[in-house]
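S.K.: Add chain B to chain A, keeping to what the hints say.
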Amino acid sequence: MSLVIRNLVCHYGTTLALRDLTLEVAEGELLVLLGPSGSGKTTLLSLLAGILAPSEGEIRVGDQVLSRPGFVRPPEDRHIGFVFQDFALWPHMTVGETIEFPLRMRRMPREARRNRVAEVLSLVHLEPYGARYPHELSGGQRQRVAIARALAPRPSLVLLDEPMSNLDAKLREQMRIELADVLRHEGVTALYVTHDRLEALALADRIAIIDEGRLVQLAPPDTIYRTPATVFAAGFVGPAALIPARVTRAGEGWAEIACEGGLRASVPGRVHRAGAAVTWLIRPEHLRVRPDETAWGGDVVLPGRVKSSTYAGSHWQLEVELASAGVVMCHHDQPLPRGQAVQLGVNAAHTWLIDEAAAPGAEPADPGEATVGTPAAQASH
Amino acid sequence: MDSPNPRGSDPHHVAKGSGERSPARRNRLSLRIGEGGLSLAAALIVVGLVVLPLLVLLVQAIAPNAFNTPPSLQLSLAGLESLFTDPYTLTSGLDSLLLAAATAVLASAIGVLVAYFLALTDIPAKGVLWGVVWLILIAPSFLLAQGWELLLAPGGLTHALLGGALTRTLLSPAGVMLVLALKLFPFSTIAVSSAFEGLGQDVVHAGRLSGARSTMVWRRILLPLLLPAILAGGLIVFAEVLSDFGIAATLAQTANFPLATFAIYAALEQFPVNFSQAAATSLLLVAAVTIAQGIQRRVSGRRSYVTRWGGNQTLVPVALGRRRGWLFGGMLAFFAVAFGIPAGTTVLASFIPSGAGGLVTSGHFTLANYQAAWRVPYGAASFGVSLEYGLVAATLGMLATLIIALAWRRRSTWLTGTLQVFLTTAIALPGIVLGAGYIFLWNAPGVQTLGLYGTPVVLGLAYIAGGLPYAVRVVSGAIAQVPGGAVDAARLSGARLVAQLRFIIVPMLQDTWLRVWLMLFTGVLFELPVSQLLYPPGEPTLAVSIVHQFNGQRFGLGAALTVLSTASAGVAALGLSYGIARLARRTRTASVRAPRVAQEGEAP
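Just so you know, the sequences run in chain order A and B.
Letter by letter, the first sequence follows residues 1 to 381 of the numbering used here.
Letter by letter, the second sequence follows residues 1 to 604 of the numbering used here.
These are computed hints drawn from the structure, not numbers from a lab.
Each residue gets a CB set at the ideal place from its N, CA and C atoms; glycine is no exception.
Check each hint, because a few of them may be wrong.
[Said to hold, decoys possible] Only some residues are given here: those of chain A computed to face chain B with a beta carbon under 7 Å:
hint, residue
1, A49
2, I51
3, P75
4, E76
5, I80
6, F82
7, F84
8, A88
9, W90
10, H92
11, F101
12, P102
13, M105
14, R106
Next up, chain A with everything else stripped away, as it sits in the complex (with noise of 0.2 Å):
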């Protein structure tokens, strides 16, 4: 069933910890809620577990409400499977139970709740592990019990959260594979809460970044890693370098603009006006280095001397400070000495503007472009 968080607010005390949320997640879709420590994430899964009331605003799934002021359906009336960051299992039921407690509150009958318990278990590559206890499981193990007990009663909806953050860096990206896997094949809609960026970029149908207890935007992960509307989104997607700039002229998904040092571009993005400080944001990856100076067709060319050269295995990261302003990130198939004067390049067409101006808050930087790609999506519409 879809979830329809329409206008929610929630205080602590004097703190506002969500302002105005609005969000809609279409069955079956896996929106993952991406943002720092202290944005709101949790806070928003607690109010659509029920454990936390919200101030203003109202949460659906289906045609049934959650929450609204003055009315919170308790967790156990919600039908709503979480996993837990710390899995929170119970020390005193062996796998098995665990698995089959939700099924019991739900009277599943016995014969019915024995098959489901077996399903999810071979679901969850547990199938031999039916009779042990938490503590005789491994990390990656204990939550995958986690995941089978949020899914085995069918629930509406699921939320995790952060339930990677346990693992060690190895299991995690075993586990994303897993978890997309099972969540796909249940057909569950899933809101996913993290701070990691390429979990999210993996995992997610579309993504919404939340900062201070607001949408910063929602889209599916390549809109956002490419056109992102907002500075704060754009670096916490991904390594970025972000020039400012002014617009000397405006078009349709376009505009040109002067950086400082006379630099000029003509760069795709949305601005809502010539004159407006926006912010040229280059990925590294798009970035050419050239130690000499060589023909660069089409490109831009952005003057620079090295800073550093850090090794990443598959590429050097350099460190280029540009001489019109600012430095950047790019990669290179070798390193370079320090101060040596290089050129960049690249093709403007891949870059993007942001004119903070044009992304008003919360509202997808186009709603056309927040469908692409999400059958879930579409069918919220």
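M.R.: Relative to chain A, chain B alone:
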């Protein structure tokens, strides 16, 4: 933890006309009744069992004729004044306070040491040693005091051998303190050993890595972390000494060392009965404990001990090495003195014919006392009576405790706060005062017509009331240890209040329930002061019978009754204690990291 609404209103309020389907509404309604009902039941239990009798007592202290016919509300401060004017009352009050403070210090020192060996070293036969600690804990003070008296009294076992030197040493205020400390140190041991078990190895590692040597780790890290538990244990001992009647009425009397509880008893027994003075002395005791609790709270500060500190790994047991045998021997010797001597004397006396000739004069052993115990009035039948009271009162008390602890965990209002304070201070309530309160309450105009006074019901209720404060304290502490996430996960799995209890909270705290039940049961089995005042005519309880036999100079019979009952209770306690140790082991290894959902620092 369970504060679902940051703004304080009932988050599960059902909006009128919200157009919900009826099954859902019924569910929410039942939940509301469940929560509201729980709070109401908790309040009724505490008010009915503890608050009302105390209020009646307070009224009695300042308006002596309030419950007479016709009632008069004329105030009189004579009782309160007697605290300072009457030399006997004044002395007994001061003696009690000094004795309580000194005993708390001594018992804490012993208790911490024993806790250290039992919780943190590889000393052998821990199960047996824990069994003895529990035996000492459950052994009623009047039995131990009688054991010491059998030994020390003129004509007693040692008197002939040592010419009264030991008698003079121990039948003194210092001796009373020693006997009390040897009886009460288990309170400290239990509190501190749980704290030891709650310490993670990482706090030690962190200290060591910061450059602290072993002694510094103890001084700056472990002791401060243990301090609240040490203080809590000491506070319980303090309160126990103030409330103790068994030793005040026996050993302290023989030592000519008047204590407040005996002063209350004397005021209740004298003619005409001086209820207002008894009530005033009780108020003094309650005030003393309240102040002590305030101090403990200040010292504990705002530190949270809900979660395990320093990782999941418990502290690694200290290897005693070659000293292991010596220390084990020392521990055994200590227990032999604390428990073996009074118990041994009693056992010995039970096999020696009773008579005016004293104990050591008879050269032969006999089973006559045990045979007689089954025939005489105030005999073995009273053990059966007390067993029944114990089973019923402990079970109902456990239920009441659970209701109160849960209601107070889920909802915190000024009312629950007030009742909580009331119940905590009621720990210091001497049984004799509680009994007096029950006499006044159930004889009060109106209540009297219920006709319950003098029946087992009132005695049973008083038993429950007596055990409730401790039980609620222990259970609340244990429930606070259940990680919030575990309960939230159950709620999100669809578990309502009863299911959360049945499947999560109760099984997760199995060892606590057993421990508390055992505490309540043995407390009732050997309860003296309340029983003395409230037992239904012709149906004496065990403690009443034992004291009756001792008062009648039938030492052998009294000792035989004591041995019979304590042996049976001891076997049961050892069994349960073994079970608790096994359960504790299981839950400890099973303690999976599952703390509260992280609030990202945004929670209030």
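S.K.: Compare the structure with each hint and give your call.
M.R.: Right, here's what the structure says about each hint:
no.	hint	in the structure
1	A49	holds, 6 Å
2	I51	holds, 6 Å
3	P75	holds, 4 Å
4	E76	holds, 5 Å
5	I80	holds, 6 Å
6	F82	holds, 4 Å
7	F84	holds, 5 Å
8	A88	holds, 3 Å
9	W90	holds, 6 Å
10	H92	holds, 5 Å
11	F101	holds, 5 Å
12	P102	holds, 3 Å
13	M105	holds, 3 Å
14	R106	holds, 5 Å
Hint compliance for this structure: every hint is met.
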